[in-house]
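Model the full assembly from the supplied sequences, consistent with the hints where possible.
Letter by letter, the chains look like this.
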Amino acid sequence: GESVGLHLPTLSVQEGDNSIINCAYSNSASDYFIWYKQESGKGPQFIIDIRSNMDKRQGQRVTVLLNKTVKHLSLQIAATQPGDSAVYFCAENYGGSQGNLIFGKGTKLSVKP
Amino acid sequence: EAQVTQNPRYLITVTGKKLTVTCSQNMNHEYMSWYRQDPGLGLRQIYYSMNVEVTDKGDVPEGYKVSRKEKRNFPLILESPSPNQTSLYFCASSPAWDSEKLFFGSGTQLSVL
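Chains as they are written, first to last, in the working numbering: chain A, 1 to 113; chain B, 114 to 226.
Note that these hints are calculated values from the structure, not bench results.
Ideal Cβ placement from N, Cα and C applies to all residues, glycine included.
A couple of the hints might just be wrong.
If we take Cβ atoms under 10 angstroms as the criterion, some of the chain A residues that face chain B in the derived model are [as the list claims (entries may be wrong)]: (1) Lys-42; (2) Gly-43; (3) Gln-45; (4) Gly-59; (5) Val-62; (6) Phe-103.
Below is the structure:
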């Protein structure tokens, strides 16, 4: 979920388990959503996206689910690996241009070997 | 290799001393943008540019300037840095203004004393 204050929400999972990272978005007019992964010392990296006319989209080991009724987005990572350890951000776009891209505060995923 | 390159990676400066953080992309992208990342606040957009000679304010433009004289370069200028501009800065680009898939640089950690 989204962070409050200075500390990021943290999700700790065992290697090989599935991870679910949640995000509540703010604008009901948002029509495009993106998940980014940020490893320590690096810039955010695009993972997967979904448009508001879809409920689910699958990539390689990742699935994004969109629930527009409750303005909720989730990222599922199958068979989590140590290399998945990172901070994950959701972002919403409500205006069709990059100027309207709003980032969530992130969730830190830690994978235990 | 396709990438967004920022320099420097780390910078320590003093209040009032003008500085420039450079950003260059080799993907012929039209859209470029600057973000700052602060604990508990996530990524916030400073300025963006939809094409050469076209720039616009993001959410937190105060104290910053940008220019887009060439397609590949988008420098961030702090005319008179202050301690509240201590932050982690990211430059990003995308193929077009309506393409939400951003490519990020590796970041510039700025400390203003």
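How the hints compare with the structure:
no.	hint	result
1	Lys-42	holds, 6 angstroms
2	Gly-43	holds, 3 angstroms
3	Gln-45	holds, 7 angstroms
4	Gly-59	violated, 13 angstroms
5	Val-62	violated, 15 angstroms
6	Phe-103	holds, 4 angstroms
Of the numbered hints listed earlier, those contradicted by the structure are 4 and 5.
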